[in-house]
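Chains as they are written, first to last, in this note's numbering: chain A, 11 to 247; chain B, 275 to 730.
For the record, the hints were derived by calculation from the structure and aren't laboratory data. Source: prediction; values computed, not measured.
Have a look at the derived ranges for each label pair, beta carbon to beta carbon:
#1 B/Glu492 with A/His170: 49 to 55 Å
#2 A/Lys87 with B/Thr431: 37 to 43 Å
#3 B/Ala529 with A/Gly46: 35 to 41 Å
#4 A/Leu244 with B/Lys717: 25 to 31 Å
The beta-carbon is built from N, C-alpha and C at its ideal position, and this holds for glycine as well.
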Amino acid sequence: MRIEILYSDLCCLYGDKGNTMFLRKCLPEAEFLQTGLNDRPAFLDGDVDLVYLCSMSEQSQELVLSRLMPHKDAIAKLAKEGKTLFFVVGNAMELLGKYIQREDGSKVEALGLFDTHAIRQTPNRFNSLMKISFEGMTLLGYTSRFSHTYGLTEDIVFGHVEAGSGENAESKLEGIYSGNVLATYLSGPVLVANPDFAHWFLKKIGAPVEQLPCEDALRLAYDQRLKDFTRDDLEMA
Amino acid sequence: MAKIRFHLAVIAAKLTGKLIRLLGRKGSHNPGVVALKICPNFMDLAPRAKLVVCVTGTNGKTTVSNMLSDALEVTGRKVVSNRAGSNIVPGCVTNLVNSLTWTGKCAVDATVFETDERASRLILPHLKPDYMIVTNLSRDTLKRNAHTDYIFSVINTYCPETTKLILNADCTCSSQLRPGNDRVFFGVGPQPGDHTEPYNLIADNTLCPKCGSKMRYEYLRYNHIGKAACPNCDHKSYDAKYLAKTIDGAAGKLAVSVDGKAAEYKLISEMMHNVYNQMAILALLDSIGTAPEMIARVFDTIHLPDIRFNETKVGNLSLVMSMGKGQNSVSVSRNFDFVANEPEEKTVILDMDDPFDRRKSVEYMGWIWDVEYEQLCRDNIRQVLITGPRCYDHKARLLLAGFPEEKILCVMDEMEAMDHVLLQGVEKIYLIFDCTTLDLANKMKAKLLGIMEGAK
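Sequences and hints are given; from them, build the entire structure.
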């Protein structure tokens, strides 16, 4: 198995490395490729099973887009056919839509894989706990960002919000699960934070495991979080 | 009218401060709130001291501003600073109030403002400091500080052009602030044990800001801190006018170069981040014209704030309190690095849970995965005792780092956890606590000292 981590010098905010650290333990035989900002992504030339792209600053979003836009058509094709799964975490999801609107109203063209767009609102930071249902599982997490996404539809959505916010403050739709793309606004180590989802994910990429690394501790941590998420006095945002 | 509001604000804020202090609290925040309520442009109207210094940055600003206040007092100046607490707008306004007489005249020679880097956009344009020290910029709490690009842009946008900047030449991020301003740089020259490749889990700001190439380090200390140059364009770190040369921990001496001239001072602390802090103070003192003899006297006198690091001996056992910054992976990793490298057999207690998040929210656990728990994988760490609601998240991270499960204990209740601290076979117990848990950490300390006395 080959796993490509895109632009990890820029795209590794908020504990995002937890996912790759965890995957390295789960998949000791896998080959991990780290692609730098000025490197050609390996997935363009085939034989990559998983591409991981995660949170970044708004400035970095534009840098990353400047590197990916020349490959827009190839990425669109791979997002629909072939074996490569694109696992996109945090505000990296905004790169998949048609554009990102800056604070001054100007727009940065994005990859256009989906009919969505993002609007930045810096310096207003949007923070929210997130409780998401997906295929019978409850995912727990957090989002912290300067932007919102608009335009998600039921046919491409990843999860439904049980508590907290989705693509924007009013929406109950969260993330994208369509074709070879799995994207979520959840920040950081979503796999370690959600052991059931980690099992599902490993099965999805064709590498199921009986037992996750340190699964007991992960489950105790998840159970405690779930308990905290159901407190009466909880403020989601 | 504005003048009347200003004078009313001074009196009301001072009365508020007195009342709060009578109730036994610090009063570092609310007097500022009152002043702003009466006079929203208080910061613009308040008379300035002869010297106004702001200290900001991700890590080290409390240490630097506290020690700088002490340093300026040693030079004979009357100083006020917001060392008692708040470093956001009301805290800075309270500091201003404290610098004034009841009639609104400036009563001090210098004001030192520890300035929250995110709130600096609301502070710097009004205070217009003569000098601003930026200790460094690195990733910090997700919710408040977002990322270094954001904090950089805030300071870069709102710092007045008249402010002279004292910057860390070795911080590849903050050293790039305000190229148009008058700036001087401090740094720490090559040291034994330096690296040349990023080796920490977190190494932000290692790409060239001009062309995106990976920078090459002449020397790298930790994270992104070091002297770097781009292999593909002309971008490189600035030369430090104030450069630490030899750090002699055994002799307690720090050899420095100031604009190429050698000097030697007492070393305040051999912890590398504190050497940077000392160099920042040296740069400020020299920039305001302090004579080398006086600088030597300053460094002979000042010391690290006790609140951040203190040690209590009970028989043959020591309890070391070491303050970290919860949800700040760089700060906590630096703390781990120090503790892990201490030679004694030890127990490590973690009290990192944010009490504010605990009240009505759930702390985001992602930051834990940015912390270098690998540092703790040493044989001489006999126990890691983890407290707070996120204790199992910390445990999972520690296990994934390779730390033996049998040496980890999770006890959610912090006070109860003190009954389970491993005392046998260890020489030191390190209690690493989040700065927002100081009161709780002190209670834990008191209970543990009692247990240690009993076990003597």
